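Chains as they are written, first to last, in the UniProt record's numbering: chain L, 1 to 258; chain B, 1 to 300; chain Y, 1 to 295; chain G, 1 to 285.
Just so you know, these hints were derived from the structure itself, not from any lab. A few of these clues could be false.
Under 7 Å between C-beta atoms, here's a sample of chain G residues computed to sit facing chain Y [as the list claims (entries may be wrong)]: (1) E44; (2) A77; (3) M123; (4) Q124.
Simulated restraints on C-beta separations [unchecked claim]: (5) Y/V22 with G/K170: 52 to 58 Å; (6) Y/S279 with G/T220: 55 to 61 Å; (7) B/D60 with Y/Y31: 40 to 46 Å; (8) Y/S279 with B/S38: 34 to 40 Å; (9) B/T52 with Y/S6: 55 to 61 Å; (10) L/D149 with B/P182: 54 to 60 Å.
Subject to a maximum C-alpha distance of 27 Å in a straight line, what follows is the list of computed DSSO-like cross-link-like pairs (lysine-lysine) [said to hold, decoys possible]: (11) L/K202 with L/K136; (12) B/K5 with L/K118; (13) L/K65 with L/K17; (14) B/K5 with L/K84; (15) L/K117 with B/K22; (16) B/K71 with G/K260; (17) B/K10 with L/K117; (18) B/K22 with L/K84; (19) B/K111 with Y/K4; (20) B/K22 with L/K118; (21) L/K202 with L/K192; (22) L/K65 with B/K5; (23) L/K118 with B/K10; (24) G/K174 with B/K57.
No experiment lies behind these values; they were computed from the predicted model shown. Built from N, CA and C at the ideal position, the CB exists for glycine as well.
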Amino acid sequence: MDTFIAPTNLELAIETKNLEVIYGDNQAVFDSSLEFPRHKITAIIGASGSGKSTYLRSLNRMHDKSVTVNGQIIYRSVDINQPKINEYEVRKQIGMVFQRPNPFAKSIRNNITFALKKNGITDSRVLEERIETSLKEAALWDEVKDDLDKSALELSGGQQQRLCIARSLSLRPDILLMDEPASALDPISTEKVEATMRKLRKDYTIIIVTHNMQQASRVSDYTAFFHQGRVIEFNRTQDVFQTPHVKMTEDYISGNFG
Amino acid sequence: MDEIKDRLLKPSKATHEDQRGKFISYLSIGLIAVLVISILVFITIHGLAMFTQNGMKISDFLFKTDWNPGKKLIGALPMIVTSFGVTLLSALIATPFAIAVALFMTEFAPKRGAKFLQVIIELLVGIPSVIYGLIGLAIVVPAVRTIYGGTGFGILAGAIVLFVMVLPTITSLTVDSLKAVPRHYRQASLALGATRWQTIYKVILRAATPGILTAVVFGMARAFGEALAVQMVIGNAAMLPQNLTSPSATLTSQLTMGIGNTIMGTLPNNALWSLALLLLIMSLVFNLVVKLIARKGRIK
Amino acid sequence: MNAKRSDHLATGLIYTFVAIVVLILFGLIGYILVSGVPHLSWHFLTTPSKAFAAGGGIRDQLFNSLYLLILTLIISFPIALGAGIYLAEYAPDNWVTSVMRTAIEVLSSLPSVVVGLFGYLLFVIQFQMGFSILAGAIALTFFNLPLLTRNIETSLSAVPNLQREAGIALGLSSWKTTTGIILPAAVPGILTGVILSAGRVFGEAAALIYTAGQSAPVLNYGNWNAFDPNSFLNPLRPAETLAVHIWKVNAEGIVPDIDAVSNGTAAVLIIVILIFNISARMLGNRLYNKLTSSK
Amino acid sequence: MKRSITIALSLLTLLIIVTGCGNKQSQSKKMTIVGSTALQPLVEQVASEYSEKNQDISITVQGGGSGTGLSQVQTGAVLIGNSDVFASQADGIDADKLVDHEVAVVGIVPVVNPKIGVKNLTMQQLQDIFTGKITNWKSVGGKNEEIIVINRAQGSGTRITFEQSVLGKKTAVKSQEQDSNGTVQQIVGSTPGAISYVSFSYVNNKIQPLSIDGVKPNVTNVTTNAWKIWSYEHMYTRKNPGTEVDKFLKYIQSHEVQSKLVKQLGYISIHDMKVSKDANNHVSK
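With the rest of the complex left out, here is chain L (with noise of 0.2 Å):
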């Protein structure tokens, strides 16, 4: 199959070898390399059952022990990739944001605060000072602040979104992955989640799974371009959907199929 991945020459956040990924009988990614560079947003788009979000979960080994995950992920020089490493600092390090809207079933602080205190942080001046920088860094803070000890599932769905990115922000993750965050979210939702993302890029390195390519094209740096399990097409968002250099990534984006 013909590919086409550019050099990007900067700083990288993470990046993978060969990775491959395997459920039982079914291989879902084929021999993926890529490059993610720092502070910067990378797009993985291609159709549904592309291998797109298989690939994007075992960045930060969220596949359980049934997926076979095979080849290299380098993050800070460490293949991060192997049984020895620690998957809980792993996670801890890049953080993750799904789909639909996940916010525990606690108040709006204990969502924020739950995962700090079972890593230790029990200073409330601490714990005050996270919820407040990372919902600001949310965007949420000014909607919330008055009512912390409200149910998170009592806040709209684009709300509970944002609580989601400044739950994993309070962690201060180096890298977010976020798995489509505004495929479950109006329209209205949508542009305060993106506005989010274009804000955090200047702390957060984030790689965002998503099949909406306007989003793409609005948000991200990068695009990369999956298809049937590989990487088809990596290079800077503006040439992959102005020039791209692969045939099938110019249908895709023309509509012509997925």
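Assemble chains B, Y and G onto chain L, guided by the hints.
Below, chains B, Y and G without anything else, positioned relative to chain L:
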């Protein structure tokens, strides 16, 4: 930055937590396994003693009809027949009621009606079997006597009492299986112009059949093992039942009646343990049947 | 037209069946209460039972029932919780798990007489516990474990997987995720299961006759030393429960007021179960709100 | 949540340890008596009076049936085993190793549903009814009503006594069985045509006790053996059970207990008996 790299390579608190958590949960399930195995082994050993130590024949036990272990007569057939009789009959009566109540709770009045019936069903579960037995003795037995003659004791009285006792089991499991039928089945059927009953009968009940069968089998397992309530209304005569209103005895009633009057290690005592083993085997069989139903349901 | 008619017919039939079930329940509860409540009095609840004279109460039996219930839950709940977590969160999808599940089902369908006799021979005699609350509680644990385990498992599994992923993605161990996030969300379901199983514990007689025994020795409610044989807290004393009391009074009672004692006890049993169901339901909702929002 | 699990688990362990220790500490003062449900109320009452007088002793009395009592005392699991039957009558019990203490006498009376209209039977008629030769009350002077025999559970003490006195070596007809005096009383009272037998103390106005050969079932007739269906209540111990046990058994056999509690509970005092009976139903003066 090396500090973070370091952390990636070392086990942390979370790692230990997970190990500890796994240990606790494995321990618990292991404990249950040990309990089950010990009770199985225990009853098997005692239940086989009659055949191994007292030299009785299994065929006599299963197919002969004279039960008087004190005189070396160990035919358990009357109890086996009666146990199956009350179990089948009670399931037969209970199933339509259970399905009706379950349908009412899921299809007709899923909000208030369901809540109300839920409370009722939980209360039925809460009534102790002794009380069922006493009420059976005070009401069901005389009623059967006036309507059908005889003494009133027998399979019919037992089945009526058991019907009420297994109703909650069958109903709640049926509710679960009806709830598991995907919503769009209903919508699709109704959209095609089917009436509610056609939808229920042709679509929902059909889709839920394996689940309902499972519910019935679990109800039967409960009925098979029930002792005190049945003992009060069955008549406890170790004879093959002539009809539904002739006194007879179930495996459980014979077991509870006799156990205190026999001496450990003697034939009469061992014979009762063999009845217990039979009960155990039956509950295994019921579970096996459930497994088979589940497998068949999945293939369809 | 035909389809419509059968629709009406079936609907009518279903309503009739439901009505019959409701009537049966009201009949049962009504019968128990009507024949029992007139015998209830403060005196009945607060005096010990009598062996041969009229006017005995059920103080000790009532306490024993509650104590036995608590002890049973103390023993069975942690084990069921661990096992439920195992099945819902850790169990691999293989034959071992399937055998374990079957084992639990078998345990739950064991006839209570059989469990009673097993408990009698093993705990009462072999382990020399004697007829005791402890032996009774262990026997009841046999029934309670499968019910509770299955209930905890389903309650945990009913919590959306997204919640699990959220916890894991925050670098929490799956144990912490389960106990800190999934479990609180499953509390109302678990609580309902506990109530239902408690109802069964409360009404169980067959398994207790041979384990907890059928006598209620004179208890000293001022004696808080659980080692003392006549202390009400001693788990090694024999304890007749309400359900066993009903059974015994009817079987071998020679008190002149058998009906009064038996019906009164039955009414108390039902009332306690009613109170239990209602209050636990309310508590479940309260607890859920508390766990999910503030604090 | 985890903390509560840990607490519960440690409580449990504590409980087991505690109870284990408690067991040993109090063993010297603890006495467990198991067996016959019929004898249980009497022994319970006596035990509670006895421990009121002797504060340092605690006695646990349990039912479980005569068979349980005998096997438990034989294995040494309990100090005293209560039984309605002689140890030698029970299979699997080595009677030579046990010591019998007769503590009360119980009379057993055939009872019928009152509507039958029969108040007296000959011993032969009674035997014929229980062996199935007579099947209608008409044949013995009652209503035209089928006879419904309700026996006691196989192996129960009451049944052994009844069959020994009434049936001799003959075998009873197959029939309904009930395992307690109370249920028999209820069922005979409510079932037309029913006949069974209960201990004297279970006779009430809903059932009709029968005279046999014109002899009334009362205490005086039992003491002289004019009423033939009676048995001892036994408390068995192993040989040399210890002074505490001896003292308790002496107490229960004392005139104080025999003339008060034993009578209140519907038994007959052993001191009133003018005859005695052995395991083979042999009566001597």
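Right, here's what the structure says about each hint:
no. : hint                           : result
1   : E44                            : holds (6 Å)
2   : A77                            : holds (5 Å)
3   : M123                           : violated (27 Å)
4   : Q124                           : violated (31 Å)
5   : Y/V22 with G/K170: 52 to 58 Å  : holds (53 Å)
6   : Y/S279 with G/T220: 55 to 61 Å : holds (58 Å)
7   : B/D60 with Y/Y31: 40 to 46 Å   : holds (44 Å)
8   : Y/S279 with B/S38: 34 to 40 Å  : holds (36 Å)
9   : B/T52 with Y/S6: 55 to 61 Å    : holds (59 Å)
10  : L/D149 with B/P182: 54 to 60 Å : violated (38 Å)
11  : L/K202 with L/K136             : holds (15 Å)
12  : B/K5 with L/K118               : holds (21 Å)
13  : L/K65 with L/K17               : holds (21 Å)
14  : B/K5 with L/K84                : holds (13 Å)
15  : L/K117 with B/K22              : holds (22 Å)
16  : B/K71 with G/K260              : violated (41 Å)
17  : B/K10 with L/K117              : holds (20 Å)
18  : B/K22 with L/K84               : holds (18 Å)
19  : B/K111 with Y/K4               : holds (25 Å)
20  : B/K22 with L/K118              : holds (18 Å)
21  : L/K202 with L/K192             : holds (17 Å)
22  : L/K65 with B/K5                : holds (23 Å)
23  : L/K118 with B/K10              : holds (18 Å)
24  : G/K174 with B/K57              : holds (23 Å)
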